[in-house]
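Novice: Using the hints, position chain L against chain H.
There are 2 protein chains.
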Amino acid sequence: MKPIRVGLLGLGTVGAGVAKVCASHREELEEKIGAPVELAAVVDKDTTTPREGLDLGSLPFSDDPAKILGDPSIDIVVELIGGVEAARELILKALEGGKHVVTANKALLATHGAELYAKARACGRMLAFEAAVAGGIPIIRAVKEGLAANRVNSLYGIVNGTSNYILTKMTDEGSEFGQVLKEAQARGYAEADPTFDVEGVDSAHKLQVLATLAFRTAVKFDDIYVEGVSKITPQDIALAREMGFRIKLLAIAKSGDGALELRVHPTMIPEDSPMAAVSGVFNAVFMNGDVVGDLMFYGRGAGQLPTASSVWADIVEIARRLASGQAAVPQDLPILGNKPLQLKPFAEVRSAYYLYVLAKDQPSVLSRITGILGANDISIASVIQKGHQRSGAVPVVIMTHVAREGDMGKALQAIQGLPVVESGSARIIRIEESE
Amino acid sequence: MKPIRVGLLGLGTVGAGVAKVCASHREELEEKIGAPVELAAVVDKDTTTPREGLDLGSLPFSDDPAKILGDPSIDIVVELIGGVEAARELILKALEGGKHVVTANKALLATHGAELYAKARACGRMLAFEAAVAGGIPIIRAVKEGLAANRVNSLYGIVNGTSNYILTKMTDEGSEFGQVLKEAQARGYAEADPTFDVEGVDSAHKLQVLATLAFRTAVKFDDIYVEGVSKITPQDIALAREMGFRIKLLAIAKSGDGALELRVHPTMIPEDSPMAAVSGVFNAVFMNGDVVGDLMFYGRGAGQLPTASSVWADIVEIARRLASGQAAVPQDLPILGNKPLQLKPFAEVRSAYYLYVLAKDQPSVLSRITGILGANDISIASVIQKGHQRSGAVPVVIMTHVAREGDMGKALQAIQGLPVVESGSARIIRIEESE
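Chain order of the listed sequences is H and L. Quick note: the first sequence uses the numbering used here, first residue 178, plus one each step. Quick note: the second sequence uses the numbering used here, first residue 178, plus one each step.
There could be a bad hint or two in this list.
Copies of the same chain are indistinguishable here, so a pair counts whether it falls within one copy or spans any two.
Below, simulated SDA-like cross-link-like pairs (lysine to any residue); rule was C-alpha separation at most 20 Å, straight line [claimed, not checked]:
1) 296 to 501
2) 408 to 351
3) 346 to 450
4) 296 to 211
5) 408 to 572
6) 197 to 470
7) 270 to 248
8) 346 to 449
9) 587 to 601
10) 197 to 467
11) 197 to 330
12) 179 to 236
13) 244 to 225
14) 270 to 240
15) 587 to 529
Rather than coming from a laboratory, the hints here were simulated on the basis of the structure.
Okay, chain H solo, but in the shape it has when bound (with noise of 0.2 Å):
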């Protein structure tokens, strides 16, 4: 039987690992896949530095795209490069070539997915991304083909380890934020640059990805509201845990009225709450269907070998198809619904919060904060007011009702001008209590 062969665009650390398994599950790949199958060449731009615990033998291994692009026999390409720019022209040219395409490649989609998705569907090719969100998780098999039969009301995900291994060390140990990430990029948990982890642009793209399947609409990347970890401090964690919270970098989505909103933010959550339990790299997405209820999936959200899990069930998915003959399934790809949400414009999302003040502490004080938050219609659950933190400033915590995000923007405004608050002390934290 004709082989299925794949080209490898980037042999990176997940690269590697897909070329690995490979080499170490040929023989249960090709059995699921019914026909043989083979890395047929590789392409980086470093071709020099040897990765570890990998031999690519006598496999054609260049630093010219064209290798792979242009070779016909090659049926699948796996782009692996990461970044926008490259990647979205080579899959472009792929699926233009009749090659069939398996991505990791997060930011692409989040930026450039529509135009992807109608190239593949225009070309009658998959285009298939398991190992985009949530790396070993399968989360896009079960939102395309588990939640078939669903409307999703809501979909929460903690979707970047880096930025949850941070929170859990904070947790666990009453540690500071730039202690906690300098030891995770020392173990290999944090990156160099970790903006895009710690501040909640990886787990914008991700919910992208997913909120384009589960609610079968167009999502401008654009239009989610990020805001990262990093101004979290132990004082706000060891306030949630008091109050039977847990905070964690929740990346949300909900959809009701005929709006869809979609935010990613640190959250309050139930300690009790299923999500609360996912601790350090690890990954997970709770889901609401109309028919379903509740659904949770959890499992490694990074590495080398999870990620290239979730490629190779990419891959012997379009191989096994190939193999028996049947190639195009434009509708694996995702549905963009005939009756598009609208996203609900950030003021008008609705929550409860954490409010955080540093106070003078003045008899008055707690009055007037109290004050703005009821001009605003914003209503209180519960007050905290703690010793004094240092001369003559005390921390004062108040848990709100759910409120509109515009009102309490508003009020978060006009208590930072007080001038019994300490410049720049105040701050809110997003409660979600449903989950």
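Specialist: Just chain L now, with coordinates in the frame of chain H:
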């Protein structure tokens, strides 16, 4: 476009759910399928009792399966009549008649799966069964496709909602098994005859189906060790809690040294393990794959709509292929590997144990029991001896290190035979710490 026509065999709880979802979600289903879909006929032995919330309208509804099996315009048969022999014959006939089949029948698959998979392969038809294991959780897809590049090392399932509800209630309220069972029956969480659920048979059915897929090997249902939860006492649960454990009914499959072990029994697991948090009627499946590492899937394991969600996931997948002219993908069936795994004899299984004995309070009792354990190569991790329970009887609880099941069986028999041990009081609960 020619509509995809579905025949529904069985209009019980789940069957009615399948019909309801068809009515309520038709637009989305058709968008995902890429063609119209319609219920063509419904068959049930009871054609008179009204089904709550369901109006079949002018849909052909009879008690004659030939109305579906004999109708060449019907593409997909959904079997939801339950039971084994009649369902087996109907499915075989449907496949022979060129129809694709969707079933939720774990008892049938566990006992006659090999025959049905072979028939589907021979007929070039699809046989799908997402709803047979863990209700609404898309675990079958995850194992078949998401984990395609993995050798599965181990699998732990909480796959019977009735048992998990009962154990959760017993844990939360300290109540007796019999009392909680009655409550569960009153609330519809347990059948009038709960034997299959509480004695582990239903869990073993699901384990057979999952393990066949996950380990790509033939599994004889009768070779699975099965023990239910009916003998668990509030005292066992309280003692487990004292030592940091929860008791769950686990379906366990592990591979190693070329052999597979399969068992269903009440199991003590650490209270901080993800499975320990799975409460009430919820199900979860925890898996370890050699490439992806740990994964867990959580959701509703039963109920009209969650199960219907999985039935429709299968219908949509088959219908989408039919709509695009791609019907038969025989690799989608469980693959029996080229190297079938041997089943490990239960006596060779290794586990740690909780041993409970009600002993006459004599100074010699502990030395006699520990002597028997030692003579059978079982070493002791800890001993708890409580005060008198009733005149002259004292509970002795011993936690052992990992030992052979066969050795523990012999030791238990010898301990039962001690004159200082109250007749019939000695019992064990297995402990899993690794998961």
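Novice: Next, verify each hint and record whether it holds.
Specialist: Hints and how they fare:
1. 296 to 501: between (24 Å within a copy, 19 Å between copies)
2. 408 to 351: within (14 Å within a copy, 44 Å between copies)
3. 346 to 450: Answer is both: 19 Å inside a copy and 18 Å across each meet the 20 Å cutoff.
4. 296 to 211: So residue 296 and residue 211 pass the 20 Å test across copies only (19 Å; inside, 28 Å).
5. 408 to 572: Intra 16 Å, inter 54 Å, cutoff 20 Å: intra-copy only.
6. 197 to 470: Close across copies (16 Å), not inside one copy (38 Å); limit 20 Å.
7. 270 to 248: within (12 Å within a copy, 47 Å between copies)
8. 346 to 449: both (19 Å within a copy, 17 Å between copies)
9. 587 to 601: The answer is within: 15 Å in one copy meets 20 Å, while 71 Å across copies does not.
10. 197 to 467: Answer is between: at 13 Å across copies they meet the 20 Å cutoff, but 41 Å inside does not.
11. 197 to 330: between (39 Å within a copy, 19 Å between copies)
12. 179 to 236: within (18 Å within a copy, 48 Å between copies)
13. 244 to 225: Cα proximity of residue 244 and residue 225: one copy only (17 Å, versus 68 Å across).
14. 270 to 240: Within. Shortest intra-copy distance 17 Å satisfies the 20 Å Cα cut-off; inter-copy 57 Å does not.
15. 587 to 529: within (15 Å within a copy, 59 Å between copies)
Of the numbered hints given earlier, the model fails none.
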